[in-house]
Amino acid sequence: MRHPRTTLLAVTAALLAALTAGGLPSAAAAAPPAGPAPVGPRSLGVPLEDTLLIGGTAGTMADGRHVMWSASSGTPAVLNAVDPTSGAPLLSVPLTGASGAYGVEQAADGTVYAGTYGDGKLFRLAPGATSAEDLGVPIPGETYVWGIVVAPDGTVYGGTSPGGKVFSWNPQTRAFHDFGAMAAGETYVKSIAYADGKVYAGAYASWKITELDPATGAKRQLPAPPGMTDPAGRVVNDLRAYGHFLYAREGTFPGPLRVYDLATGAWTDTVDGAAGLDVSPPGPDGRVWFFRQYAAGSAELVGYDPQTHAVQRTGLMSYGRIVNTRGIGWAPVDADGYPGDSIVALGWRGLMFRYNPTTGQSSTVRTSVAGQPTQILALASGPSGQVYAGGFLQGGLATVSTADGSAQYQRFSQIESLLPTPQGLLIGAYPDARVYRYDPAQPWYSSEYSDEAPSGTENPVKLLDLHSHVQSRLQGLATTAGRVVTGSTPSGDTLGGTLSVLDAKTGAVEKVLDNFVTDEGITSLTARDGVVYGTTTVAGGLSTTPTTQDRATVFAYDVVTGRKLWEVNPSASAASINAITFDARGRLWTVVDGDVLRLDPATGRTLHRLDTTAGSGGAAAAQLALGAGGTTLYALVGGQHVVAVDTNSGKWRPLLDQPALRMVYNAGRLVFADDAELVSWKVG
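For the sequence shown, full-length UniProt numbering assigns the number 684 to the last residue and increments by one with no breaks.
Don't take each hint at face value.
[Unchecked claim] Dumping the calculated DSSO-like pairs for lysine-lysine here, alpha-carbon to alpha-carbon at most 27 Å:
#, residue 1, residue 2
1, Lys511, Lys462
2, Lys651, Lys682
3, Lys564, Lys511
4, Lys219, Lys198
5, Lys651, Lys564
6, Lys462, Lys505
[Unchecked claim] Computed spacing ranges between beta-carbons, pair by pair:
#, residue 1, residue 2, range
7, His244, Pro162, 28 to 36 Å
8, Thr229, Pro546, 55 to 63 Å
9, Gln408, Thr308, 45 to 53 Å
10, Thr143, Gly185, 18 to 26 Å
11, Ala266, Asn170, 31 to 39 Å
12, Thr548, Gly684, 39 to 47 Å
13, Ala295, Asp558, 25 to 33 Å
Hints were generated in silico from the structure; no laboratory data involved.
Glycine is no exception: its CB is placed at the ideal position from the N, C-alpha and C atoms.
Working from the sequences, and respecting the hints, build out all of it.
Okay, structure coming up:
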């Protein structure tokens, strides 16, 4: 067990002396200071809405029409049947309670299945039905269903987390079966395939493919590909089996597509630069089709012969940072130059690709799959009367008027953090813990998040990418002493966040300090007079990553001298601390276990503890926002209770209740992110 610590002996001595003389800081009681009653709530609407397709497959409707089945993420997720010629949705069915679906498959009898996340359920759409049947949670305690596959007899198999299990659903008995965990130490079954009576399950945290015999429950591990000496961190992202070939893609785009001959039990080929997320069924000549990268920022549709290993290029391009397909297969296209069946694929934002192998004709069509509301993950106060909102999963950035809720939307990455600065708006992005700087006075253009050929000047500009440092979420942003300081949490099955220092004017990276607080990720930052202060979480890159620490940390780092000044654990039980800020007079505040704490900036010692949640809601969302005068601190505690703290007296009063994940103050209003909606309260 780790105990409160500092890096300076003098600080430790001062702390001991203070505690000996005066005892532990006592909790301050609520004593309401004067203040106006809040007015609200007032909805500012849903500022972020976009199309995000993940799971998909080529199939048919009950009347025989060929379609692309695809699940669009949102609140709720929607299962769509898209016409391969026009791109129009012919049917859209809500998956109530689900946020999205990684697995969408169609059985031989026409039934469509979707394995969902957000609720960890399996849904069934019967032929001709206009509503989906909720089949329930396949395995109690498993909150995500990842890939699914349907066997020829109609049995559905799927992979789950956080237990790394495989389940089946029998359409005759309408019963689930739990086959248990697939590989020791693996908590995710990310991908799944079926061939000749066997199920193949791909792990997420390391390269392990388990062959499961569903008739007996027997399991065995496939051998690692030649030359792979260390499977750690090598994700089996996609699996698909056709005939006696198993196609397994490693990692994220671009990654090697490895080909395994199930008949001989040997790996036979590797195709570098495969985009995923799927490989098409083979055509009459035996070739399968997928997108492959030849140059950064794009990928090209190729045909691959598993017998000869020959690759045929087509010239059909997909552009941007994310170029993988979300469903690829064969369907007729009612247009000149497309005889017979053509390869049809959907991109993540709804762009549809068509290629006819006979004529070489190709085209793209923008589908009209409706965008869905996007959960707000990041919120920042901009100029008076304006806030910035960043989206989860679908991503995107919205500039929102607090007067009427009108919003300007820009398509972008998932956004973890936002910070306005004199040089522009800093954007912390997922994955790879990237940092961008956006100039609102110039036109927006991002080639990474456009699915068209590059044609503009980049704005926002990327300043930092921590992919090589195994980082995922850029959650902390601060500026001081002419520097931008960032804090991130790790990716994959790893521990330890990174503190990075950049030149605020040029954006040049000065320092990248990995595992800055031992085995803890950095969740928030604030700064003053050349010192940055941060908070941490003990959690790792996956929800199932074993932790080595048991207490979250608050730390101070001098960006000028490059010295860590102190680290403390304000709580014996808090595994995560997520908010920290200064008031106008330089007093340092945080929220721990649902209580507002004032810390000594010189030592990290707790000076005052305000019992703002009476012991409840410690693990729920916590936010801090400073009012216009700099002496009223608003704290969101317990995920829904807002208190107002007089920073001069240390007294506080309950202010209002508003469920939210994020909260900012702007021009007399508190603005809250409640799922996909922005809500405003007038407080001054």
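List of violated hint numbers, smallest to largest: 5, 8, 13
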